[in-house]
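The listed protein sequences correspond, in order, to chains A and B.
Numbered continuously in the numbering used here, the first sequence closes out at residue 389.
Numbered continuously in the numbering used here, the second sequence closes out at residue 447.
Hint data in this document are derived by calculation from the structure and do not stem from the laboratory.
There may be inaccurate statements among the hints.
[What the hints assert, rightly or not] In silico lysine to aspartate or glutamate, EDC-like type, Cα no more than 20 Å apart, as pairs: (1) A/51 x A/29; (2) B/335 x A/59; (3) A/319 x B/297; (4) A/366 x A/72; (5) A/255 x B/353; (6) B/260 x A/76; (7) B/335 x A/76.
[To be verified] Incomplete in silico selection of chain B near chain A, CB under 10 Å: (8) 298; (9) 300; (10) 312; (11) 334; (12) 414.
[Claimed, not checked] Here are some, though not all, of the chain B residues that point toward chain A, as calculated from beta-carbon distances under 7 Å: (13) 259; (14) 322; (15) 324; (16) 330; (17) 354; (18) 377; (19) 381; (20) 409; (21) 413.
Don't be surprised by glycine CBs; every beta carbon is placed ideally from N, CA and C.
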Amino acid sequence: MADLQATLLGGEEMEVSFGPQHPATHGVLRLLLKVDGEKIVDAKPIIGYLHRGTEKLFERETYPQCIPHTDRMDYTAAATNNQGFVGAVEKLMGITIPPRAAYIRMILAELQRIASHIIWLATHALDIGAVTPFFYTFEEREKILDLFEEYCGARLTLNTMRIGGVPWDLPEGWTHRCRRFVDELPKKIEDWERLLTNNRIWKARTVGVGVIDAEKAIAWGLTGPPLRGSGVAWDIRKVFPYDHYNEVEFHIPTGKNGDTYDRYLVRMEEMRQSVRIIRQCLDRLPDGPVMAWVPKVIRPPKGEVYFSVEGPKGELGYYIVSDGNVTPYRVRVRPPCFVNLQALPELVKGHLVADVVAVIGTLDIVLGEIDR
Amino acid sequence: MSEENKVQQPAPPKMPWEEKPVPPQPQDAGEHPLVRELEAAVPGAVVEALEFAGQVSVVVALDGLMAVLSALKGMGYRFLVDLTAVDWKDRPEGRFDVVYWLHRHGDSARLRVKVRVADGVEVPSAVELWPTANWMEREVFDMFGIYFANHPNLERILTWEGFSGHPLRKDFPIEGIDTGAAVYPDIYPPGGGPVKPKGGA
Chain A
18 MADLQATLLG GEEMEVSFGP QHPATHGVLR LLLKVDGEKI VDAKPIIGYL HRGTEKLFER
78 ETYPQCIPHT DRMDYTAAAT NNQGFVGAVE KLMGITIPPR AAYIRMILAE LQRIASHIIW
138 LATHALDIGA VTPFFYTFEE REKILDLFEE YCGARLTLNT MRIGGVPWDL PEGWTHRCRR
198 FVDELPKKIE DWERLLTNNR IWKARTVGVG VIDAEKAIAW GLTGPPLRGS GVAWDIRKVF
258 PYDHYNEVEF HIPTGKNGDT YDRYLVRMEE MRQSVRIIRQ CLDRLPDGPV MAWVPKVIRP
318 PKGEVYFSVE GPKGELGYYI VSDGNVTPYR VRVRPPCFVN LQALPELVKG HLVADVVAVI
378 GTLDIVLGEI DR
Chain B
247 MSEENKVQQP APPKMPWEEK PVPPQPQDAG EHPLVRELEA AVPGAVVEAL EFAGQVSVVV
307 ALDGLMAVLS ALKGMGYRFL VDLTAVDWKD RPEGRFDVVY WLHRHGDSAR LRVKVRVADG
367 VEVPSAVELW PTANWMEREV FDMFGIYFAN HPNLERILTW EGFSGHPLRK DFPIEGIDTG
427 AAVYPDIYPP GGGPVKPKGG A
């Protein structure tokens, strides 16, 4: 069969442009695929269509004014973006935040992680051909967005953290509604898993697709679920705990084979672990203020810090250089998606064109953050 | 307890978040174990070592950069977390800082390596050591106009081919440039490339 194919097609290589206007590229990503028949010989991602110069803008804004810009990078996970930026400024200024603020941040960040993973699951399944999970999962995401809306008024671009804490205390009854949501969620996750985990078509499309071993994953700088799917138990929340992550119990799910299916299992388990963290946070939520004492004008000393959080996509880092002014001298965002996407050619080589869609989905990229 | 005693009791101690924050102070890190380890592997490599907010940065000379980076990789820094640059416009010892932020999984140590380069000077590429440096170096090239020697594919990544100028340089106007017909053709030559200083050269 292979010989026949080779004779008929002559092993001729062809270049195909995939995107930027393609529904499965999750935004404006263009891939230049070199294909031999249906087989991919090489792939070259072309990015930058969404470049807005966020890092340049940071240099013009004061520190608090930078926070809304962070929302717009990974627009599916605004809370974790905020968390990273304010954490970096707090580290630079030596601010300790009150425990209640830290716990509220953790609850918001974990809800955000679940919401982001829900978008990943829905679109990933949709790309591969399973339409049903989309409807079930987005119903739950809606509930998370409602919780966000009740807390800060926004659903997507939350702008919900401040240097020194969080802007508001939780509204009355919020913890109750949040607890009801996390009590219901594990059952729903089970339902979603029932649709996919043992589904033969799902397995045929994901098992053994986009394999990367641990050694290569580290060399390519992968972080987040793509790294954990290859069996490396590495999570910023455990390695460099921020807020009060050292006080809650959770484990880091890992895969074995480093393929698309394992990364799927890792993310599903991560949602359960997030539920576990939120429950503990709600149980322990201390009383007290939600803002630390901070000067009216945020003017960090001269210096430079790198601070990272475990975003839903991987290690999201902020490298801030301050020259003692009210605006940062330089802010570098270490975007997890940008680095993860770089490994895409490695993952798709030798697979079929249809698998490219699965691999883009499994890397869980957001172009807003890649292009910044 | 009587009423009087209550009044005389001192105010409860302030919690850390109620106090005025104490910013971290930069300290010399010449004796820091991470720096000593590097100094033992590549003697005389470290020009300057500083610790700030618990993070160690070392400045190395440009000609010793590759030796330092490969030694660090051999010492277990297998993960290049980040590679970026900072523009210090008029600094006499070199306009740019190229910053490497490295991680070692064994003891979760992180080390920042900085190298000062003048405008137009090539920096050796780290792609052979860490493949992940590929796009990061392309981004630094795109945004700052720093060239990397032996890079497999040094081309613009976030802006487009033919874009004039390097946006994250401090002398690039924040409102952007008219890319259709460049309004500063004397500073930003058409077709990209390094920024020409004003007044020729």
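Hints the structure violates: just list their numbers, smallest first. The structure conflicts with hints 2, 4, 6, 10, 13, 14, 20, although it agrees with all the remaining ones.
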